[in-house]
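Chain by chain, the residues:
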Amino acid sequence: MLLSNLEIHKALDTGRLVIDPEPQPRTKEIGVKYCPYDTHTVDLRLGNELTIPKPGAYAYDFLAQGNIAELIAQGSEKHTLTKDRPFRLEPNIFVLAQTLETIELPIDKGPPYLAARIEGKSSRARCGLLVHFTAPTVHPEWKGQLTLEIINLGRTPFLLHSGMPIAQLLIEQVVGEIQSNQSQFQGQVTPEGL
Amino acid sequence: MDRWIDCTISEGQFTGEFAVQGKMFDSTDFSMFAPKEVLRFEEEPTKNKRVQGSIQVTLLEQKDDLSLIALPRPTFENGRTITVKTSQIR
Chain A
1 MLLSNLEIHK ALDTGRLVID PEPQPRTKEI GVKYCPYDTH TVDLRLGNEL
51 TIPKPGAYAY DFLAQGNIAE LIAQGSEKHT LTKDRPFRLE PNIFVLAQTL
101 ETIELPIDKG PPYLAARIEG KSSRARCGLL VHFTAPTVHP EWKGQLTLEI
151 INLGRTPFLL HSGMPIAQLL IEQVVGEIQS NQSQFQGQVT PEGL
Chain B
1 MDRWIDCTIS EGQFTGEFAV QGKMFDSTDF SMFAPKEVLR FEEEPTKNKR
51 VQGSIQVTLL EQKDDLSLIA LPRPTFENGR TITVKTSQIR
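From first to last, the protein sequence lines are chains A and B.
Letter 127 of the first sequence, counting from 1, is numbered 127 in the numbering used here, and no numbers are missing.
Letter 5 of the second sequence, counting from 1, is numbered 5 in the numbering used here, and no numbers are missing.
Some chain B residues judged to face chain A by a derived CB distance under 8 Å, without partners named:
id	residue
1	Glu11
2	Ala19
3	Thr28
Calculated directly from the structure, the hints in this document are not laboratory data.
Note that the structure is predicted; figures quoted are calculated from it, not measured.
Glycine residues also receive a C-beta, built at the ideal position from the N, C-alpha and C atoms.
With the rest of the complex left out, here is chain B:
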């Protein structure tokens, strides 16, 4: 089942790749590069123009209001698996 969390998307280093920024459970940020196939956005980001969108994730564990998810690519800060608030997952 597809699950998604909100993120901010900006232009990446290659065509078809985007820079993605999102929030973990404690409001600290994570960032990564991800291909278009795992992202949803209405308007494609351009140079110096960020857009709001969402990124596809895999739910691994859920406990109370926290969820452990796997992202499609590793983040720069915390590896591929991060904890988010369950309410962030759609």
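Okay, chain A solo, but in the shape it has when bound:
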């Protein structure tokens, strides 16, 4: 069950959902150019850091135990966006970024628990921009920025500006209790995108 914009506001007010900094304004009034809330979504903005994977002579092996995180980190380069220096994302180039906002879905208040999904925005998609392509789920108990897997599938470069609305978040209610012993997940390979 997806939360409407008013239910999203309630979840923010009761602390079942934390978005920091909180997207404002909550409603669009006369003279207000932009409101991050739509009927059942809230926009998230691009943070000021990108990670650009470098070509390497190695191959990622997810069946090998132990140093995948370090290998991924070493195989990429950080890039900082500034107000007057956007990143020019060329066609077919893949970068990682993070949302400017930190998302928190606490479970300490008991059910109903909330989960979320990050989605792209249709306006950006029309230009060929994907902001995630395989890992949209935000689990209950998550706290942190969301990692965006960005690729330009269009034929024209796309300028990525720090603070630009880049994605939208849908909030869902999880039905039922959550088993606190998470051993059912053991053995599952979960690539972090984070």
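Fit chain B to the given chain A structure using the hints.
Chain B only, in chain A's frame:
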């Protein structure tokens, strides 16, 4: 109650995020990215410089000398819940 296990920490892909590597009960390695808030280290890792530290965990089950713990983020290899030796937990 906060519980911690030892790990090796290196620079992550974003500021405030680190690559973490640790050992499971059978000495196989696990790795993950984790935010600074759940890590302890004396000296911040830099590019090409790993440091020793610890990561915050939640104890789920304990049996004899083995413990099932939940990590703050999923590992690349074995999900978020892993088994470690009880002696690794502090």
